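Engineer: Residue strings, one per chain:
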Amino acid sequence: MSPWIIGFGVFFVYPLLATVFLSFTSYDLISDPIWVGVKNYVFMFTSDPLVWTAIRNTTYLVVAITIGRVGYALASAMVLSKVRRGSGVFRTLFYLPALAPPVAAALAFVFLFNPGTGPVNQVLGWFGIKGLLWFNDPLLAKPALTVLALWASGEIMVILLAALLDVPTEYYEAAALDGAGSFTRFWHITLPTIAPVLTFAVINSIIVGLQYFTEAVVAGAVASGSSDAVGSGTQLGYPDNSTLTFPMWLYQQGFHYYNMGYASTMAIVLFIVSAIFTVILVRQLRKSGMTEED
Amino acid sequence: MQKILPVAALGVAALIALSACSSGPSATGSKLAPLPKSSDKITLTVWSGFTDSDLAALNTTLAGFHTLHPNITITSEGSQDDDKISQAIRGGTAPDVAISGNANALGQYCSSGAFQDLAGYISRDKVDLSQIPLAVQKFTSYKGIRCAMPLLADDYGLYYNKELFAKAGITSPPKTMSELAKDAKKLTELNTDGSIKVAGFVPTIGFYNNRLDVWAPQWGAAWQSSAGKSSLGTSSGWTDMFAWQKSLTEFYGADKLTAFTSAAGQKYSADNSFQTGQIAMMFDGEFRTGFVDSQAPNLKYGTAPLPVADKLSAHYGGSDIGGNIIGIPKGAQHTGAAWQLIKYMSTQTAPLVTLANGLKNIPTTLDAIKSPDLVSSANFAPFLRIFANPNSSSLPSTPNGGAFLKTATDFAVKWQTGGTTDLSAGLSAADSEITSALALKAP
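These protein sequence lines map, in sequence, to chains Z and U.
Its first residue numbered 0, the first sequence is counted upward by one per residue in numbering that gives the first Met the number 0.
Its first residue numbered 0, the second sequence is counted upward by one per residue in numbering that gives the first Met the number 0.
Incorrect hints may appear among the rest.
Stated by the list, open to error - Straight-line Cα separation of at most 27 Å, DSSO-like style, residue types lysine-lysine; simulated pairs: (1) U:LYS184 x U:LYS310; (2) U:LYS40 x U:LYS125; (3) U:LYS299 x U:LYS310; (4) U:LYS266 x Z:LYS129; (5) Z:LYS129 x U:LYS413; (6) U:LYS142 x Z:LYS38; (7) U:LYS228 x Z:LYS38; (8) U:LYS255 x Z:LYS129; (9) U:LYS342 x U:LYS83; (10) U:LYS310 x U:LYS174; (11) U:LYS166 x U:LYS181; (12) Z:LYS129 x U:LYS196.
To be verified - One side of the interface only, derived from the structure: several residues of chain U facing chain Z at Cβ under 10 Å: (13) ASN101; (14) SER110; (15) THR257; (16) SER261; (17) ALA263; (18) GLY401; (19) LYS413; (20) ALA428; (21) SER431.
Treat the hints as calculated values from the structure; they're not laboratory data.
For clarity, every value in this text was computed on a predicted model and none was experimentally measured.
Note that the Cβ used here is the ideal one computed from N, Cα and C, for glycine as well.
With the hints as extra help, turn the sequences into a complete structure.
Structural biologist: Structure below.
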């Protein structure tokens with residue numbers, strides 16, 4: 000038995016099967032699990048008052064983060080691929096936010112976007128724009144989280160930059176001789192060439208959105224003024240549950256409400272959704288010839 | 000590969016089946032562990048969530064126990080929250096004694112056997128529980144199972160700014176909610192653009208310690224009926240409370256309040272808006288006196304019991320009480336010595352007072368709050384009286400970690416932001432959600 004099989008079994012197959020089993024039980028983390036059949040699944044889709052809110056919030060973040068992150072990273076990478084002098088400095092500056100710990104980044108953003116004392120509203124005020132409530136407004140809290148995710152999208156930018164620099168220059172030269180404009184060159188040369196990497200970036204961003212947790216917990220706790228990131232959890236999802244994501248609700252159910260059976264049910268659903276996107280990724284990569292067929 | 004995967008899956012399935020059937024380390028059961036002899040050399044492990052100066056205060060108290068019992072050495076580990084305690088119990092590596100700051104978890108700890116039942120020890124050693132107020136006894140037991148003892152408590156009172164009171168011509172703190180609303184309006188000052196400069200009282204649920212568990216007892220709003228069912232929709236105190244809250248919110252304007260609270264300093268930071276004079280009155284725990292002493296020593300403030308609903312004026316003087324719990328986790332190695340330490344920490348005046356002085360909390364026995372060694376002040380003393388007041392109460396314990404608080408708070412937020420206008424229907428719906436969530440637990 001090769002070593003990877005052991006690792007695969009212990010760290011993937013066993014936890015997965017255990018989670019599937021626990022999803023059909025009532026399990027409080029201490030007592031033995033008790034088989035309850037599909038009760039947790041029924042509760043999830045019919046009675047949980049917050050699961051749909053969490054699904055809506057996560058869906059929003061998946062869509063916004065994927066479009067925004069890939070778009071921002073691609074635009075940044077295209078600009079950086081053209082920079083000749085000081086390219087190393089600019090690449091470092093764009094990549095650096097990706098290295099910031101999520102908790103520190105979330106704290107900094109809540110400070111920057113503080114409605115009363117934050118510099119963002121002060122700058123807006125110079126232009127006569129009335130400051131917004133950002134993380135304290137249920138309508139703006141998710142867009143603010145999205146901006147935070149964009150700021151930290153350096154790793155996607157680096158991958159796309161590498162792909163862009165890999166596009167053979169002869170293609171552009173030939174297209175230019177044929178009279179192709181910059182948009183045409185981008186559409187017919189750049190995009191098809193970097194498509195596999197772009198696909199990876201999209202799926203990676205979808206998974207980041209599906210698993211969005213730390214930044215949302217910290218930003219909600221700090222913006223509420225409570226400083227109680229954990230504990231009773233009454234401020235979880237502040238303001239008005241607008242930042243309550245699916246993984247956050249899963250964690251709250253499992254570790255604070257001691258409903259690990261139900262949390263496992265939620266984990267299975269999240270796994271299935273993530274798996275669907277992963278299958279799409281693999282198929283797309285295979286289609287574009289990025290991976291070898293088995 | 001195709002042959003190996005099914006084999007691996009089978010093996011893994013077998014592992015799951017085994018792990019699902021195992022019950023981990025067994026609890027002590029009905030047999031009580033004897034107290035250790037003085038010749039027994041024992042090392043007790045104590046876990047708590049304390050850090051820094053709080054942990055140092057705990058360690059000083061534990062050192063007092065070691066002086067009395069030199070054969071028992073204590074290893075104290077801080078920063079051990081409830082997640083870590085639960086993991087250790089599951090993994091069979093539980094400490095001998097666990098201190099949790101999350102009393103909401105008690106229902107789960109007692110019902111699952113995560114913390115061992117102490118009733119036998121209490122009875123054997125003739126511990127007098129009557130020295131612990133009823134409200135405190137209540138939040139440290141679940142359905143008659145006493146799986147923990149209290150270790151310091153928090154209660155809540157009204158903090159008021161004396162200078163702002165004098166400026167507004169108010170001579171004494173309000174005792175009823177009508178008086179509170181009247182004084183709040185008097186104390187409020189606006190900026191030229193209409194925004195709030197000084198808020199007399201911020202009525203926003205979720206802001207600082209404007210928590211439902213703090214507010215509800217002052218309105219006689221019951222969390223559960225005598226049958227143990229959620230009673231948000233049937234206890235009239237809830238509708239009274241939310242109507243009052245809405246009325247005061249409308250006085251300020253919801254948008255102005257949101258702008259004010261959004262710009263307010265963090266609850267426990269030096270720029271807390273009460274400490275900076277931007278809030279004239281607020282509800283907070285006794286621990287705030289310690290924060291003011293260190294962060295805003297020049298603030299001229301007073302403390303008093305929380306106001307009550309007008310029709311409950313006879314109940315003035317009490318509040319919600321919560322606090323730390325101390326227990327013996329399932330799988331503890333030295334149960335007898337662990338109980339000896341818990342008895343010392345939770346029932347003896349000297350250690351309780353030492354710890355209370357260090358943490359600026361309330362010691363949890365009626366004897367300890369009268370101790371001359373307890374460091375008190377004019378602003379701390381009201382909290383000692385609130386603690387002993389028979390009108391004080393505590394949250395009910397539930398097996399899902401106080402999930403009802405989140406449901407009720409979500410409704411409150413929806414109500415105060417105009418997301419729902421039918422108070423009665425909303426409260427009844429919250430009752431259903433709370434009941435439904437409890438049904439997730441095994442029968």
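Engineer: Any of the earlier hints contradicted here, and which numbers?
Structural biologist: Those not satisfied come down to hint 3.
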